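Use these hints to put chain D onto chain A, whose structure you have.
The lines below spell out each chain.
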Amino acid sequence: MKRMLYIFFWASWIKIIIGQVPLAPPPLLNPVETPETNATDSNQSVPQPPKRSSQMETIKKAEMNLRHGEQGERVGAAKLLGKYPGSLSSSSLIGALDDQSPLVRRAAMVSLAEHFLNGYPVYDKSLVEKIFSKLGDPDVEVRREVSTLIPRLVNPMMRGGVERVVINGRQVLRPVSASLRPDLYALTQRAFLDEDAIVRQNVLKYHSYLRVPLPPLLLEKLLQDHDRGVLLTALDRISINASQPRIINEIEKLSKHEDRGVRLKIVDVARDCNRYHTKYRSILRSMTEDSDAEVTSMAAVELARFGEKINPSVIDRIKKYLLSAKGMSSQVTTILYAVSAMGADGIGVYKSLTEHGSSKMRTVAWQRYISLSNGWDKPKDWILALKDRDQGVRTAVVNTLRGRVKGLDQATLGSLVESPHDDIRKFLAESLINAEQDAVDEYAFDLLIDEDPNVRASTIRALATRRETGWLKIMERSLLDDEYVIQRAAMDALLAEPVRGITILKTYLSRNPGSRISSLIRIELQRSGVQP
Amino acid sequence: MNKNSSILLCLLFGFGLFKTDILAQDSKPPMPEDGLRIMQLMKNPNGVRRYPDALPSLLRMMNEQTWAKFDTDPLFISELTDERIFENPILYINCDDQTNLEFTAEENQALRRYMELGGFVYLDAGIKASFLGADLGHSYAAWEERPEVRDWFKEVFPEKAFIPLDRSHDLFRVFFKGLPKNADLKIEASQKRLPETVLSFVEQEKWPQGTYSFVGIKVKGRLACVASPICAMGWGRDEFGNWIPPISFRIRESAENFDENLKLASFTGGTFEVSREDGLKDIIYSEQGQRPAWVQEPNGRWRIFKYYSGEEISNYAHSFYARLGMNVFLYALLN
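Residue numbers (our numbering), protein chains in the order written: chain A, 1 to 532; chain D, 1 to 335.
Just chain D, same shape as in the assembly:
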């Protein structure tokens, strides 16, 4: 079987599976014995993976919650010239797990061919705000790909650039829609799922309707590659179903006179510019040796960053990231 037909076959298999099953869950047509295998790139096969449980857990959740069937054991490849990439339609890359994002011309050519033939590439941590520095554990909704990813894809597709995915994109509602509710979180209906300020920020700005900052590249009219802030940190579960590891939230809060007070308040660290969804820039102010302190928004508003941690925060974040991650892989299968 040549490479063209094998990738097409895989995609058709996925498409057929979802058209009939996920969207209409009443019927249960026979499924192939082995599930679809996701490839994961590790340039250094012996390198440290920050979230080793993440992808297998997510694939297991998809097997449990949808009619899609994935092999929960990702296929690791260390080079993009590996012939096996043409046998599997989805390639997952956690950019933070790679030693660097420099590839040979042959690898870039193989990747281009892979995407042109119908392959889908998911660049997790492909978006990373500059102020996060070496602390890889943060996620921040910057609306542009990280510079290393931009440089890499300039070599793969010199004629193309990453474009932001708008909030109404199908990727955000292909299976899960909106933000997790109490029932999704498996908590009592009366329980407060998040602190008030956190919930309103999350619902209105951080993840409105279950969306997030994604950028992508279209190839032959098809979304063939997406990049997002790190989502894998929210996918892991232990054998009892507890989420691992704990996640905290950074949210923006305002208060009376903040526009005046923060303008004048003392700060000792640097300032960083970060792209927003509307293309304008936020200016982030930081305190030395601490996490970012506050932000000056282009509309003249000043807001402070507050950090929330705890069980309810972590559970909510995990639930969101897992739903989002599943949507990405299911979208890749359907398109």
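Chain A extracted, bound-state conformation:
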């Protein structure tokens, strides 16, 4: 019996595994009712959500609707297929681009764009060419979508390679050109002058990807376009034709355009095209008379970069523009830095800007003013910078001055020694190294007793370098200071004096063997070959 049960069990199992018998659901003794329905006294069955189709079923159904449905169904199917990127849905959508209804064509095009944007491009060259051919669609929305999609169509469409053809019964491999099909080329050329401004703008933007040149006559027309977007895009495309007289004439006309943004763009264009024709520079010159201070300033600084002398009245306008600027926008930053190109004329501008409300502006102005005017030799000028309320400005100026300032005099030290800013007093202390003797005699002591230990340490180092009378005594006393930074400065100074300095250090060690600086002194002396 046991053996029979064993065989029966294995036979059933093998059947299930091999699949010869369809699996039946286990019999339910008490079907349908769930605990929830038992909980209520309702006789209604629980509404079950409809079963969703598989992806393939959904696509197939949409494909059928797209081919054979009414217009509304075709539109819906085209929209739905956008959610299922893949070759099957792409092919159906591309087929729908020839639908007689513009609504279906629009929906198909938007769905194809969705595939591309989701990272599922169409690779087949002929299919992509089909999409691109819709640049000639009578419906403007379809044309807009296609023109927006050009950058994503370029790769598969412009791909070269080989194709296998049969000639006189023989299979021949023939090269396929990596250029646009002639009819599509002509279509693109026509699209430059499409009635819709967005299509014109897109084709202008992307024509070089398609290797379709923009002839001067066409460019001239586009530079007269009423649409601002087209015009600005056309201005980006003039370099190849920049030397053509008709283009230069258009640029000259546009330099008086009512839109300030367009005029600013002309400044950019004239600067870049200066190498193609001298007329561009005269356009820039005329733009220094522009009614807008920003346009004037941009034009003037570009001329200055070319080495031209700028009219004083224009410089004055630049100065006023920068003085009235609130904060450092990108334009203001460009102009501010470019003022350097005016050389000596720019010095006055920077000088005025040292009183600007923006600390960033003052920082740049002070740095440039000091550099351009060799200002480190003129303490009267930079004293004001060291009194600036903003630490960023002071730090930048100190960094500019450090190592360049020659012998500070008594008046300079006197005006800054009471500065409330530690960073400035520290700078003065460092500057004592090469300050005039009377200035040191007058103010070194004030800095030596400064409240800030870093200022005192810097003073000690400066005095040690100068070897002022009694400096060894100062160092000896400083070793007894509570601040480590002071002790360290004194130790460094004494180590540099091999006779008396070393003796002072040895004496200090013997009297203060446990102080914070003692172990370091011991190490340094041993390193110098002295047994402490």
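Source of the hints: derived by calculation from the structure; they are not laboratory data.
Because the structure is a prediction, the values reported are computed rather than measured.
Any given hint might turn out to be false.
Said to hold, decoys possible - What follows is a list of derived Cβ distance ranges for each label pair:
1. E155/D x K320/A: 45 to 53 Å
2. G403/A x R222/D: 52 to 60 Å
3. N46/D x S515/A: 38 to 46 Å
Even for Gly, the Cβ is constructed at its ideal location relative to N, Cα and C.
Okay, now just chain D, sitting in the frame of chain A:
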């Protein structure tokens, strides 16, 4: 000058400026040399700002298009306990730019005091639908503040909650009214400004009469804080006046039999619930690795999400967001 009087002074300055100038543009009374400064919170001052050109561009546009005068250089603060907040009446916070929205008790107390004294807080990206996840570049009109903002303001005003601003609120028409027309977009009158389906959705549902999903908190009867989906992405302009960066649209479209077809159509991603203006919930269906696919609306309607990009879409969105942003700041000044 104490904190109370300084904030009041700033607000009065703004009020006076607008009562006489913006609403009656014929007269040009003298304006103070320095404009009103907007504060911007950056918890990490060295952190990355997603739209660095946005606020300065918007302030510049306001200076050009209205008689209000703003300093175009925002004042950055990194802590709400910064004393300078009591000197400036408007605080702008892009919630997406912050490392987190956790603040100390002192900061929350300072913020409460600031709002009680008349300060106005604009929480950009203070609304963010859950399905947007880490992709910060999206804007979605959910009608409730994001959970982090809710938790934060529970600590600032435990007794208050954000309430949705209805479409008729003054904030939406304080200066600009309605949606941009061709003249506003600087395109020819005959030019199609948007695809038909997009335009009808925008006009009827997305931004009707130039409104959007905003929630706010009133303090002493005054709207002292508003939160919106990210708007800063639409404020930036380059030096030539081009809008930056490009923006695309997500719109809902319907078609014949969608109520049946979408119910049965395959989807592989998750579903998300998002609050609507009427308080009911939309169920968003998504495909894995792709943007949301379609939506089941509480009235039983199913609609598909379609995504539109391109010059005209971007220009329109920018124009709308800029007008809306200007309305928010001008409303803050007037109230």
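Exercise. Honestly, which of those hints from before does the structure not fit?
Worked result: none
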